[in-house]
Amino acid sequence: MIDIRNLNVVFGHGGNAHHAVRDFSMRIEAGQSYGLVGESGSGKTTVLRALAGILERVARVSGEMSVGQESLQGQQRSRDFRRRVQMVFQDPYGSLHPRHTVDTILGEPARVHRLDRIEQRVVQALEEVGLDASFRFRYPHQISGGQRQRVSVARALITEPEIVLLDEPTSALDVSVQAEVLNLLMRLKRDHGLTYVLVSHNLAVVAHVCEALSVMQNGSVVETLGVQQLRDHSPQMPYTRQLLTASFGYDRAAIDAFEEFA
Amino acid sequence: MTDSPLLRVEDLHVRYNTPTGIVNAVSGVSFELGREKLGIVGESGSGKSQTGRAILGLTATGGQVSARRLEFDGTDLLNADTRTMRRIRGGCISMIMQDPKYSLNPVMTIGAQIEEAFLVHRPSSKAEARQRTLDMLSAVKIRAPERVYRAYPHEVSGGMGQRVMIAMMMIPEPDIIIADEPTSALDVTVQLQVLAVLDDMLSDRGMGLIFISHDLNLVASFCDRILVMYGGKVVEECAATDLEQATHPYTRGLLNCLPSLDGKRDELPILRRDPSWLTDAGPVE
Chain A
1 MIDIRNLNVV FGHGGNAHHA VRDFSMRIEA GQSYGLVGES GSGKTTVLRA
51 LAGILERVAR VSGEMSVGQE SLQGQQRSRD FRRRVQMVFQ DPYGSLHPRH
101 TVDTILGEPA RVHRLDRIEQ RVVQALEEVG LDASFRFRYP HQISGGQRQR
151 VSVARALITE PEIVLLDEPT SALDVSVQAE VLNLLMRLKR DHGLTYVLVS
201 HNLAVVAHVC EALSVMQNGS VVETLGVQQL RDHSPQMPYT RQLLTASFGY
251 DRAAIDAFEE FA
Chain B
1001 MTDSPLLRVE DLHVRYNTPT GIVNAVSGVS FELGREKLGI VGESGSGKSQ
1051 TGRAILGLTA TGGQVSARRL EFDGTDLLNA DTRTMRRIRG GCISMIMQDP
1101 KYSLNPVMTI GAQIEEAFLV HRPSSKAEAR QRTLDMLSAV KIRAPERVYR
1151 AYPHEVSGGM GQRVMIAMMM IPEPDIIIAD EPTSALDVTV QLQVLAVLDD
1201 MLSDRGMGLI FISHDLNLVA SFCDRILVMY GGKVVEECAA TDLEQATHPY
1251 TRGLLNCLPS LDGKRDELPI LRRDPSWLTD AGPVE
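The listed protein sequences derive, respectively, from chains A and B. As numbered in our numbering, residues 1 to 262 make up the first sequence, in order. As numbered in our numbering, residues 1001 to 1285 make up the second sequence, in order.
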């Protein structure tokens, strides 16, 4: 479904050039959920943005990418691609237009893609994410963070996508709300046969949603592993093992053994 | 807690008057703090940060703080005059904020800021302040203290910035540190390294810590004792090691709704909030 080979992304020029992604490759089958894990600056979000084709005039992108039968040229994307691939962003406060109602926010992608029955689609998408029709005429500031993230998910669903790119979709939410949004994402995937690419720094969230994952560091993939390997605590690479140890909480003795991976 | 507690809080209330009515941000919180690590956990809006701020008299204007007792080492913090509070703040109780980017002065070098914190509370010569600052920077495991001393806050990473914050709060040698989500903005491994620095300094100097966080697992593994807050109340208090046996449905709900690395569950249990949690009298003893 998604095939990326030797992706390189460079921001800036000359002395200020920053090589954010180096020789990144990944293959995702249809219906799979794939996780990209790493610390800040590891390049995981940049991979997602390069795939979505939103880095034009922002960075230099090279490498081969294809989605389904469609081979992607640079950062140009077809209208069909933009309908089939949708994105949910981390910050539910920053990613919804503050002066648009939920109805306008949800209707916009449908209008852009010249879909029919827009009103019906909006109501249905809201229902799918567990919000009733009364939310249609509210503004983002009138609803909670969790509800906002549900609206972001609904906006992604409006165009009936096949692939949803999730960029830290729950890291700004309280854990109880995170659980609700994760359950929602799992149900939508089952109901619609979606393919997910999930970017997160939280190994437990990735293990919950995904079947396989790549661990990234400084723009490169350190290790690609199945989720079972994570559950068995048997990653091969020291960096992955350290991340895993760290995600189990505070352990004074283990911290002294931490290494710097540069 | 064998000796008398450093801090006593009894029936603390923080109220805000808003156009839509009175908001009870904290209602009836009581606890004592000795030379130990006390964790306060809760979700956003549970009143955990408001509790920490009220202790230092940092409640925002418009907020009303009342308590049957709010005492540090015999000093009444509620009715203390400004001078006393200025001495206590930083000197006896200090606070580590969440984000070093916003809490450090951007136009002052790191060295000058830490020296200032020291000189305000411990009058001494400039040379001594400088030496103490450099020692403190090494104590928080900064490898090039001389370089960081001359650097401005934007020139250091988040993890380094938070170590600088710890150094600045520790240098007047307070008895209590209140840390409000001190490591939430950091990557996991850096977060743990920063906590290790804090932990070592606390045990070396025998200080008390109030650690405010939304991260239940982190608090359980880092602290000695935990208060779980919900809707401005303490709904459960337990030893950190007993968190797994917590009994309050809210605490249980929080623990259960976390995705786990060890077992696959298709559906995460959803936390059902019960309005009676807010009306029940006081904390569970």
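Keep in mind that the hints were calculated from the coordinates and are not lab data. The beta carbon of each residue, even a glycine, is placed where N, CA and C say it ideally should be. Treat the hints with care, since some could be wrong.
Here are the simulated distance ranges between beta carbons [what the hints assert, rightly or not]:
no., chain 1, residue 1, chain 2, residue 2, range
1, A, Asp116, B, Asn1017, 31 to 39 Å
2, B, Arg1143, A, Arg79, 47 to 55 Å
3, A, Arg252, B, Arg1143, 18 to 26 Å
4, B, Arg1273, A, Glu160, 42 to 50 Å
5, A, Arg252, B, Ser1157, 17 to 25 Å
6, B, Glu1267, A, Arg79, 46 to 54 Å
Evaluation of the provided hints:
1. Range check, aspartate 116 of chain A to asparagine 1017 of chain B: about 51 Å between beta-carbon atoms, so the 31 to 39 Å window is missed.
2. At about 53 Å, the CB distance of arginine 1143 of chain B to arginine 79 of chain A agrees with the hint of 47 to 55 Å.
3. Roughly 20 Å separates the CB atoms of arginine 252 of chain A and arginine 1143 of chain B, a value that falls within the hinted 18 to 26 Å.
4. Look at arginine 1273 of chain B against glutamate 160 of chain A: about 34 Å separates their beta carbons, and that is not inside 42 to 50 Å.
5. For the pair arginine 252 of chain A and serine 1157 of chain B, the beta carbons lie near 23 Å from each other, so the given range of 17 to 25 Å is met.
6. A hinted range of 46 to 54 Å is violated for the C-beta pair glutamate 1267 of chain B and arginine 79 of chain A, which are about 36 Å apart.
Of the numbered hints stated above, those contradicted by the structure are hints 1, 4, 6, listed in ascending order.
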